[in-house]
Amino acid sequence: MTLVTTHPDRQMAEIADKISNGERLSLEDGVFLYRSDDLLSIGQLANEVNLRKNGKKVYFIENMSLYFTNVCEAHCAFCNFRKDEGQEGSYTLSPQEMIDYVEQHIHPGVREFHIVGGHNPNVPFDYYVESIRALKQKYPNVTMKAYTAAEIDFFSRISGLNYKEVLERLIEAGLETLTGGGAEILSDQYRKKMRVEKANIEQYLDVHRTAHQLGLRTHTTMLYGSVETLEERVQHMIHIRDLQDETNGFQVFIPLSMQPISPKASIRRRNSAYDDLKAIAISRLMLDNIQHIKAYFINIGTQLTQVALTMGASDAHGTIVKEKISHAAGALTPAGITREDLVWLIKGAGRIPVERDTFYNEVKIYE
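Every letter in the sequence shown is one number past the one before it in UniProt numbering, and letter 163, counting from 1, is 163.
It is worth saying that the hints were derived from the structure and are not from the lab. Using N, Cα and C, we set each Cβ at its ideal position, and we do this for glycine too. Be a bit skeptical, because a hint or two may be false.
As a list, the in silico PhoX-like pairs of lysine-lysine whose alpha-carbon atoms are at most 20 angstroms apart [to be verified]:
no., residue 1, residue 2
1, Lys-347, Lys-56
2, Lys-347, Lys-53
3, Lys-18, Lys-53
Estimated spans, in silico, between C-beta atoms of each pair [unchecked claim]:
no., residue 1, residue 2, range
4, Ser-36, Gln-104, 41 to 51 angstroms
5, Lys-164, Glu-14, 37 to 47 angstroms
6, Tyr-91, Arg-24, 42 to 52 angstroms
7, Lys-164, Glu-130, 13 to 23 angstroms
Hey, can you work out the whole structure from these sequences and the hints?
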């Protein structure tokens with residue numbers, strides 16, 4: 001790497017040397033990168049790592065988001081999506097209503113449903129199982145990417161089943177992978193400050209560990225940009241990296257930029273583009289054992305996503321169709337995007353668009 005010999009900052013050059021030699025970055029290395037103002041060098045390193053892993057290919061999927069309920073027993077400080085039962089705007093869709101919603105909004109080519117919602121204590125575990133079963137029976141060729149680790153923990157509590165039993169029931173009904181949400185920042189101090197009233201660090205990781213042991217390949221996230229320290233961000237990545245060493249079950253890491261409408265969390269300002277790009281680049285450098293880093297255009301916008309594709313990201317997410325959670329928190333980005341626009345976006349960054357399925361099998365390469 002050119003930075004090994006040319007960078008004037010000794011510590012940056014040492015980090016570049018580590019990366020060139022295939023050595024793992026430490027907590028101290030990650031914090032140094034976050035504190036550095038040399039975004040271009042960090043981005044260059046991340047780009048070189050990504051090119052080694054994925055070449056110039058950038059992946060996307062034709063997918064659709066589905067939110068089965070916004071009723072939630074948790075009161076996480078950063079969430080503007082949740083409602084109490086009976087509150088104006090609250091809803092819980094029956095399995096048939098989910099199918100009706102999909103039929104109204106689905107477009108040709110969708111191959112994945114991204115299914116998440118609130119922790120609704122007013123419906124039994126069977127509701128969550130049968131919702132997946134109904135959707136899979138109606139759309140057998142669409143992959144069921146459903147529920148966060150926090151939701152699996154919630155299902156365990158309301159059903160009395162352990163994680164393995166919960167997941168086995170869902171897999172039998174048609175579940176094929178877990179979503180990555182619910183991680184937020186894997187720090188006890190952060191979770192206390194932000195009143196994260198759901199799965200703790202160990203529970204989040206153990207759900208994914210169990211899913212990997214059952215053969216599921218899953219996704220994982222980091223919600224950054226509020227009260228967490230830089231050390232907590234990097235330690236979060238190390239928690240994920242350690243579990244990946246153990247199971248090799250994570251397909252992709254998704255940095256999620258906190259959105260500003262979170263009055264309970266005293267969040268009034270969006271993350272800067274500078275911080276968003278750093279999060280993606282440093283994720284690529286720290287997570288040497290995860291194949292893909294996703295640039296989530298819903299949170300950072302399409303133009304910044306293009307830049308992120310040159311700074312470590314190899315996934316531009318998908319078409320989505322009516323994203324709700326980030327937009328409830330104030331996202332000003334499109335709630336969905338067409339395949340044609342995604343192809344244009346990726347090509348505009350000098351990359352090769354690759355349409356994929358949920359498991360990163362290539363469907364079509366757009367040369």
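For each hint, the structure was consulted:
{"no.": "1", "hint": "Lys-347 - Lys-56", "verdict": "holds (10 angstroms)"}
{"no.": "2", "hint": "Lys-347 - Lys-53", "verdict": "holds (19 angstroms)"}
{"no.": "3", "hint": "Lys-18 - Lys-53", "verdict": "holds (16 angstroms)"}
{"no.": "4", "hint": "Ser-36 - Gln-104: 41 to 51 angstroms", "verdict": "holds (48 angstroms)"}
{"no.": "5", "hint": "Lys-164 - Glu-14: 37 to 47 angstroms", "verdict": "holds (43 angstroms)"}
{"no.": "6", "hint": "Tyr-91 - Arg-24: 42 to 52 angstroms", "verdict": "holds (46 angstroms)"}
{"no.": "7", "hint": "Lys-164 - Glu-130: 13 to 23 angstroms", "verdict": "holds (20 angstroms)"}
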